[in-house]
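Colleague: For the working numbering, add 321 to where a residue sits in the sequence shown, where the first one is 1.
Accuracy of the hints is not assured; some may be wrong.
DSS-like cross-link-like pairs, simulated, lysine-lysine; straight-line CA separation at most 25 Å [to be verified]:
1) K967 to K866
2) K943 to K863
3) K433 to K835
4) K330 to K483
5) K606 to K330
6) K404 to K506
7) K483 to K433
8) K632 to K433
9) K967 to K835
Ranges between beta-carbon positions, derived for each pair [stated by the list, open to error]:
10) K967 to P840: 30 to 40 Å
11) L599 to V941: 32 to 42 Å
12) Q947 to R525: 42 to 52 Å
13) Q765 to L508: 30 to 40 Å
14) Q765 to Q966: 39 to 49 Å
15) D574 to W367: 47 to 57 Å
16) C819 to V941: 48 to 58 Å
Derived by calculation from the structure, the hints in this document are not laboratory data.
Every value quoted in this text rests on a predicted model; they were computed, and no experiment measured them.
Note that CB positions come from ideal geometry on N, CA and C, so glycine has one too.
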Amino acid sequence: MNSFIKAFKFVLTTHLAALLVLSVLRLAQYLYLNDFVDATVSNPVWPAFVRGLWLDNVAVCYVMILPYVLLLLVSSIIPFFNKYVWRTVVSVAIAVLSVEIALQAANLQYFKYFSNVINASIFEWKEEAGTAVTMILEEPSYWVLIICGLSLIAVFAVFIWKQSEKTLSGLLSENSSITFVDRLKILAVSVVVIGLCLFGIRGRMGYNPIKVSAAYYCDDYFLNRLGVNAAFNLLNTYIDNNRRENRGLELMDGATALRELRSVMQMGSSDIFVDDTLSLQRHCKRDSFAVFADGEKPNVVIVLMESMSAKLMQSFGCDVTMTPFLDSLWNESLSFENFYSVGNHTNQGIYSTLYGFPTVLSRNAMKGTDIPTYYGMPNVLAEQGYHTAFYMTHESQYDNMNAFLRTNGFKHIRSQEDYPSDSVVNSFGVSDGFLVKYALDEMQTMQQPFFSVLLTISNHPPYIVPEWFDTHGLDPEYAIVLYADYCLKQFFEGMKRCGLYDNTVFVFLADHGKIVERPECEVAESFNHIPLIIHSPRIGRKVVKNLGCQTDIQSILFSLLGIEYDNVGFGRDVLNGVSSTVCYSTDDILCARDSSYLCLLDPRTEFTKAYDIRNKYREVTKDSCQYLDSILRRRFAAYEYLVSQKKTTLVK
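Required output: the full structure, derived from the provided sequences and hints.
Modeller: Written out as structure tokens, the structure is:
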């Protein structure tokens, strides 16, 4: 038993020593790059170190699982310590932990130069590794950091090795016999220890394992990234980059596609485009159709409704009453009849609605470990003096929302972590009823003007309809739609009661649709056809028939608000102009449609199909809509190019 205790003490010492060194390097980064901290905002610094320790522990647990398993195997299964096995495992642990320490040390200068944590982009230098090393060694300002980093690694390695040899010497000198009872005790303790280490790798007890998002807690770019472990970030960005869904489609040359798209967008537009021909950035002046006077700043509330296909509403021909509130609002608002989601997933609806960029297949643009920066609605409204808030029902780490939204314009995030535990109804958190009441309560005391986004969830399996709610005998899949609609009504009426209604613009749209009827073809229209309702006492009633999609929300809304702004996305003001086509996608098919045809493309196989929408989706020859195929390829190729070149924010 004494042998086990000695071995355990050594492995735990190694674990804690690694965490200590990484924490020291984080402190050094904070002191070395203190100028990066936004001095105009008062944010506490200590959470960055606590969250950093959390992520450091994940990275260290990945390495230490081997010594912990060795401890179990050697102490409880093999009745003696083999010095060659011991030294091999210790050497591997020291080597890998030294690499983690080296990456964290190198991150000081990397962050100073790139304003980002070390990530998989460093592998782009592999063909020029010699040049990169020479560049580093020839820069005198790097020498002090290199010497300090190497010295720290050497001290750590020597300390651990000496502790290892001291422990091994004690183990070899002891009686190697272990009683059966002691072996069972050792086995039990080791299982617990290894279980804790595996839990450390997962990082948390929630629905999702830990992500870089866990480091984000405020609106300061530097402090959020201060807590990110460099090795963890490097590994996860490498994995992200090599996921099948994140690989480029190569539909056409990206730069050519972008120039062509830019030329098309400039036709008949009064927007002032920047000189950079490989950017979509343009300055949009105050629209003459604006409903609000110059300087007026009404509150803006966007409700992204889970899976609310247009075909669930009687306004679109549904013969079952499931959305009485939305249908009544449809007739009293600015409503869009031919509006589409860009994809089939919630993350895609959030991304495109708020930032004006399309999505590609099943790709999640928010989920990357290396958090991308975008300039969209929350950024513009924050610059206009709006308080920005986002309300979700589930954990903030889901789809990396916490990190992505905080990085890109949102100051105030509310999620499952903020709600009472007894309010959680399923794996997706709280119900719509709880969410809208919570948001409504906060909005009553929130700084105005505010921009709030509510992401509902109830209309998503597993369907949880409260026992007290009258379902009118509907099946659960339809009863939940009725409940979701009821919750929206409660929120809307609550805004009226508390006096916020008159000075608020409401935007109701779905994150995506759902399959409601038998699909017309490979892509069910109900999966992407969604309602868009913009409501305010100041905005007149009208049904807009122009084609539009989620990327257009910003342009439409800012036109109504009369905001002058810079737009870097794909949005068009389909309210005041004619939009002849829309593009969207499913998990494996890209789509382009106009009022006559639907064109489908599987980019992995180059398989294409075309359908005549006017004739009940009758299949036609591809030549009938070759122009749609060209539009589709140009749009998605241009998007991939902009993302790859990081042209998703303002050109400096």
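Colleague: Against this structure, judge whether each hint is valid.
Modeller: Each hint, compared with the structure:
1. For the suggested pair K967 and K866, the alpha carbons sit about 34 Å apart, so the restraint of at most 25 Å is broken.
2. Note on K943 and K863: the hinted pairing is violated, with a Cα-Cα distance of about 36 Å set against a maximum of 25 Å.
3. Our distance criterion of 25 Å between C-alpha atoms is broken by K433 and K835, whose separation comes to about 46 Å.
4. Distance restraint check for K330 and K483: the Cα-Cα separation of roughly 14 Å lies within the 25 Å cut-off, and the hinted pair is therefore satisfied.
5. The suggested pairing of K606 with K330 is violated, with an alpha-carbon distance near 67 Å, which exceeds 25 Å.
6. This hinted pair checks out: K404 and K506 have alpha carbons roughly 23 Å apart, not beyond 25 Å.
7. With a C-alpha separation of about 35 Å, the suggested pair K483 and K433 falls outside the 25 Å cut-off, and the hint is violated.
8. Restraint check for K632 and K433: the C-alpha separation of about 52 Å exceeds 25 Å, so the hint is violated.
9. For the hint pairing K967 with K835, the CA-to-CA distance comes to about 32 Å; that exceeds 25 Å, so the pair is violated.
10. Range check, K967 to P840: Cβ separation about 37 Å, and the 30 to 40 Å hint holds.
11. Range check, L599 to V941: Cβ separation about 36 Å, and the 32 to 42 Å hint holds.
12. Hint check: Q947 to R525, Cβ distance near 50 Å, so the stated range 42 to 52 Å holds.
13. A hinted range of 30 to 40 Å for the beta carbons of Q765 and L508 is inconsistent with their spacing of about 58 Å.
14. Roughly 43 Å separates the CB atoms of Q765 and Q966, a value that falls within the hinted 39 to 49 Å.
15. Take D574 and W367: their Cβ atoms lie about 49 Å apart, and the range 47 to 57 Å holds.
16. Look at C819 against V941: about 54 Å separates their beta carbons, and that is inside 48 to 58 Å.
Figure legend: structure checked against the earlier numbered hints; hints not met, in rising order: 1, 2, 3, 5, 7, 8, 9, 13.
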